[in-house]
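> For chain A, the structure is supplied; the task is to place chain B with the ligands on it using the hints.
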Amino acid sequence: MAIKLTIDNQPVSVADGATVLEAAQATGIKIPTLCHLDGVSSPGSCRVCLVEIEGARTLQPSCVTAASEGMVVKTTSKTARQARKLSVELMLANHPWDCNACVRNGECDLQKLAQDMGIAEVRFPYVKPATPIDQSTDALVRDMDKCVLCRRCIGVCQDVQGVGTLAPRNRGFDTIVGSGAGDNLCDAICVQCGQCSAVCPVGAIYEKDSIEDVWGALDDPSKHVVVQTAPAIRAALGECFGLEPGTCVTGKMVTALRRLGFAKVFDTNFTADLTIIEEGHEFLTRLKKALADGDASVKLPMFTSCSPGWINYMEYFYPNLIPNISTCKSPQQMFGALAKTYYAEKQGIDPKDVVVVSIMPCTAKKFECERDEMNASGFQDVDYVLTTRELGRMIKQAGIDFLSLSDGEQDSPMGMSTGAADIFANTGGVMEAAIRTVYEVVTGRELPMDRLHVAPVQGLQGLKEAELTFQNCLDDWKFLEGVTAKVAVAHGLANARKVCEMVASGEADYHFVEVMCCPGGCIGGGGQPRLTSNDVRNARIKAIYAEDEGRPMRKSHENPAITQLYKDFLGQPLGHKSHELLHTGYAAKQPAATS
Amino acid sequence: MATPRLYVMIPTDADTVVVGAREIKSRFSSEIGAQGLSDQIKVIETGSFGPSNAGVIAAVQPDGVVYGNLTPESVGEIVREHFCKGRICGRFLLPREYPPTVEQATDARHTQAAGRIVLDNCGRIDPDSIEEYIATDGYEALGRALTEMTPPQVVETVREAGLRGRGGAGFPTGLKWSFCAPVQADRKFVICNADEGEPGTFKDRLIMEGDPHKVIEGMALCGYAIGASEGYVYIRGEYRLSVERMRKAIEDARAMGLLGKGIFGTDFDFDIEIKLGAGAYVCGEETALIESMEGRRGVPRLKPPFPASCGYLGKPTNVNNVETLATVPAIVRNGAAWFRGFGTENTPGTKVYTIIGHVRRPGLIEVSAGVTLREIIDEYAGGMSSGTFKMAQLGGTAGDVLGPEMLDVPMDYDAMQKVGHVLGSGAILVMNQTVEVADFLDSCMRFFRHESCGSCNPCRNGLQVLGEIVGRLKKKNAYPGDIELMEEVCMTLKSAAFCPLGQSPASPLMSALRYFRPELAAAVDPRRERPRTQRVRLDLVELAV
Ligand SMILES: Cc1cc2nc3c(=O)[nH]c(=O)nc-3n(C[C@H](O)[C@H](O)[C@H](O)COP(=O)(O)O)c2cc1C
Ligand code: SF4
Ligand code: SF4
Ligand code: SF4
Ligand code: SF4
Chain A
210 MAIKLTIDNQ PVSVADGATV LEAAQATGIK IPTLCHLDGV SSPGSCRVCL
260 VEIEGARTLQ PSCVTAASEG MVVKTTSKTA RQARKLSVEL MLANHPWDCN
310 ACVRNGECDL QKLAQDMGIA EVRFPYVKPA TPIDQSTDAL VRDMDKCVLC
360 RRCIGVCQDV QGVGTLAPRN RGFDTIVGSG AGDNLCDAIC VQCGQCSAVC
410 PVGAIYEKDS IEDVWGALDD PSKHVVVQTA PAIRAALGEC FGLEPGTCVT
460 GKMVTALRRL GFAKVFDTNF TADLTIIEEG HEFLTRLKKA LADGDASVKL
510 PMFTSCSPGW INYMEYFYPN LIPNISTCKS PQQMFGALAK TYYAEKQGID
560 PKDVVVVSIM PCTAKKFECE RDEMNASGFQ DVDYVLTTRE LGRMIKQAGI
610 DFLSLSDGEQ DSPMGMSTGA ADIFANTGGV MEAAIRTVYE VVTGRELPMD
660 RLHVAPVQGL QGLKEAELTF QNCLDDWKFL EGVTAKVAVA HGLANARKVC
710 EMVASGEADY HFVEVMCCPG GCIGGGGQPR LTSNDVRNAR IKAIYAEDEG
760 RPMRKSHENP AITQLYKDFL GQPLGHKSHE LLHTGYAAKQ PAATS
Chain B
23 MATPRLYVMI PTDADTVVVG AREIKSRFSS EIGAQGLSDQ IKVIETGSFG
73 PSNAGVIAAV QPDGVVYGNL TPESVGEIVR EHFCKGRICG RFLLPREYPP
123 TVEQATDARH TQAAGRIVLD NCGRIDPDSI EEYIATDGYE ALGRALTEMT
173 PPQVVETVRE AGLRGRGGAG FPTGLKWSFC APVQADRKFV ICNADEGEPG
223 TFKDRLIMEG DPHKVIEGMA LCGYAIGASE GYVYIRGEYR LSVERMRKAI
273 EDARAMGLLG KGIFGTDFDF DIEIKLGAGA YVCGEETALI ESMEGRRGVP
323 RLKPPFPASC GYLGKPTNVN NVETLATVPA IVRNGAAWFR GFGTENTPGT
373 KVYTIIGHVR RPGLIEVSAG VTLREIIDEY AGGMSSGTFK MAQLGGTAGD
423 VLGPEMLDVP MDYDAMQKVG HVLGSGAILV MNQTVEVADF LDSCMRFFRH
473 ESCGSCNPCR NGLQVLGEIV GRLKKKNAYP GDIELMEEVC MTLKSAAFCP
523 LGQSPASPLM SALRYFRPEL AAAVDPRRER PRTQRVRLDL VELAV
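Protein chains in written order, with my numbering: chain A, 210 to 804; chain B, 23 to 567.
None of these hints come from the bench; they were simulated from the model. The beta carbon of each residue, even a glycine, is placed where N, CA and C say it ideally should be. Mixed in with the good hints, there may be bad ones.
The calculated lysine to aspartate or glutamate pairs, modelled on DMTMM-like cross-linking and capped at a C-alpha distance of 25 Å, are [claimed, not checked]: (1) A/K294 / B/E510; (2) A/K283 / B/E509; (3) B/K497 / B/E551; (4) B/K325 / A/D247; (5) B/K325 / A/E231; (6) A/K287 / B/E506; (7) A/K283 / B/E510; (8) A/K239 / A/E263.
Each pair of labels, with its calculated beta carbon distance range [said to hold, decoys possible]: (9) A/N379 / B/G58: 18 to 24 Å; (10) A/I385 / B/P540: 37 to 43 Å; (11) A/S277 / B/E295: 35 to 41 Å; (12) B/E506 / A/G671: 51 to 57 Å; (13) B/S52 / A/K287: 55 to 61 Å; (14) B/D291 / A/K287: 49 to 55 Å.
Next comes chain A alone, as it looks inside the complex:
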């Protein structure tokens, strides 16, 4: 049923259930907002979107007020304008004026609001005593002085991620966003996914910056600095330079990295393909043990392991399910381990002089590379992680005009990859890539699906399921004849929790489950350019699938550099060397303060 109302003297018709804000947007009227974020939270508390509604005693927040039949709304009345402007001025009254030295300078919602509202002066002195900046984790920095208490971070952490680290503490003017019971993020259960930093409108939560460290390595002539870029970077980096979401900039990215001075520009895609080989074989081995050998100790379903926020989540919340997690390291860590062994050996470089830098869509990767387990090469396998946002800043710092760059190509051997690796970037991608390979290994035939896509696991639905029946299996895999493998895909930890609950209770009988910590998968990672809405997610995903379909090779086992790697170095999937370098294990954990 449509609802008719009047906004600023214009008749509008919207669907039942639409808010006044949505109705205004539908007529091309822009109402400013701050705390409201579609699908994340809408506390109606910043009062920046107030409008006058005929008959209402006070101004109403348009983001949470339902449009109703015959409603008469004024968005630009004097009272509404003044109240919105003063609301922003009051926010600024309690805000340090640090713009020039602020990580959000130029891309800050508060700055923009102040500018749009024409605030020339703040008439209230800033009196808040400084709160210490929280640098306690590897991934994130929290500067609560800059917090405007919009509570987006609380919404995303609680509802989208289901972690619930953040909650308001104290009352009134002393209110802050607290983390757990202690003062620092490290005291709380936090998976370091960085979704809070991705939704924060100001410079209050941001990634711990490693740009200076990377410059330091690049400036050091004794170091051989190689870089890997995660699959999700190429579909988002362009946004740092004003390109539309979903513009793939692989070639320019490679050129920019070379210009920054990296000795080799490699690709995490290479180890994504390798992950499929290792994880695919691990999956088949688990199936064989369970179905053919009747080994009851084998845990199914097997969970993917490439998302470090998800691993943290399991260690905190579901330690009993840790044996279900694939022992494969993430592609980032496989890359680091090989760069300082296989690659260093091949190049005749002392691994101690090799510096591995990762460009990741993810803040949790900063934590992952510091994990104690991640030094299979004898050194810390990955030295520094930069998020997409940091790479964008670093390119700007270097004075590189990104948009005018020509396309470059990744170096070999660790820059070679297939379309199956590209799609690691989005939810459903690892599953699809694994199915492409597993099916062919088992049956000797190519996956019989339209353009090799496993349609049911694609898209932004929170929890997706698919089934795959093996027929006419090769001799080695006869035990799978007629077996229907059930797979599931979840993204966003609140959805992951649902899967874990179903698995723990025995309600679900999946064989293989892909989990990505962030909504939409890595393309929606906590380190990606802001702001990642569902439209942006879909645009990035589209770009990734286009990249996949444009490739000559689209199955991981077709990657000749991987074949070479096994031949020259690793031996066979799940072999001794693989175990040493590419696999690991996890254990239950507690926050730093309590352990």
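Just chain B with the ligands now, kept in the frame of chain A:
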């Protein structure tokens, strides 16, 4: 610091100082400190409030108790017995009729002008005896409603009586019930709001202490009218005696079959539970109260949906003030027309007020709605205790300040509204010419700043900046433009804050400006220059409130 639960007011005038008032005062402070109650009980020096030849005096408010002829020993006992355990020390009471305790408040002389509706039993019956309540027509209204009236008829009777909510807003009670009544649900709730967080207000406490069954009967009538079978009394945690009395009354009513299943042999079930309040002022706001009852941080909810359709546990819920509910039995028993015989056309009935400040007899009164402020001060409160009337604040800290021009306006909801004021919850604070307006506003702003829940931006930051401005006015070093800025922030808060708490600082501030602008304007220092905004840590001591 938390808002004090008790104020110990010790007159230190010439008469009392010679007999050791200052020593007694410091003795109170140290004994209170020794009990760890410094946060909750404030000791204040005041001017004389009347009696002489009574040695050192201490008035304990809001308990309305006055002790006299104090010695250091008696101080220890009062702190231990009265302040810690809630037992008034009868032997130190000043042997005079003022100011009123529960019993004395209802002394006929104070309530002569009105038939008493709410306080009629207070001081006349034993609040712990259900038999005595029944003997004074108690539970008759409930019996009659259940056996002779349909629920819509009860709603209609309350509507016709014109009863308006006594919690502050004056919302027509019958109308409120008629929102909730038709909503179909498996569970519905009646909540009695006994949070009474407004400083200086203690009427609800005295009603619960003096006549708990009346509140219970009112709740049961409401439950019958709107189709709810579960009731909750949300009582402020510090009100220990109220909790005790209400608890006993509920048990006794249950034992007599006046609560529970099949009341009066009908198929109407109703029972009541007590929930203790979390202590924050904003928890008295009905949606914050519901949040707090559900075990969450007591912050207001977004409205709509209103509690009538989606309240406690997401079910239809009706929230009324203690006094509102305590008025209902008499209305049902005697009919709407009888009730309309009291008060004024648009505010029928009586109103219970708590009067404090510079009046001779502070305390609790029940008067016919429409009596003027002058009559209340002169006839019910015994006149000014000292000095001349300068201003009064109605309805607690969130209420309006009235200047002498308003002394003769009838105190009913609409007459007050006509002159641009709000009647509020029933607190009257009377101040004489010694009180400086800025000092008074400063104490109001401290209260607000302390009580803001911090959810919404204009209130969280606006109260802070208002506090800073008022602080400067108090120190007489305000920046030029501060008063205009204060008005601007007030007006914005009024239209922009999330809940009425953030909207209401405008009431005392703007109304004070209405009567005392010259006095406040004199606090502006024309030579001072407003600091430019930049990231400098300005002198915190000077600027912080
Ligand atoms: C900040 C704030 C505090 C309040 N405190 C109380 C209170 O202590 N007691 C009360 O009855 N109503 C209080 N109210 C009013 C309630 O929200 C509600 O309107 C009232 O309980 C309804 O009862 P009534 O219709 O019987 O007046 C408060 C409102 C606000 C905004
Ligand atoms: S958060 Fe925004 S407004 Fe605040 S200092 Fe940073 S850039 Fe400036
Ligand atoms: S990093 Fe993730 S888990 Fe940690 S506080 Fe932010 S949103 Fe919550
Ligand atoms: S940290 Fe950022 S996202 Fe969280 S409440 Fe503060 S401003 Fe909002
Ligand atoms: S107006 Fe004040 S008390 Fe009310 S919701 Fe906002 S911050 Fe909380």
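> Which hint numbers does the structure go against, in order from smallest to largest?
Hint check: nothing fails, all pass.
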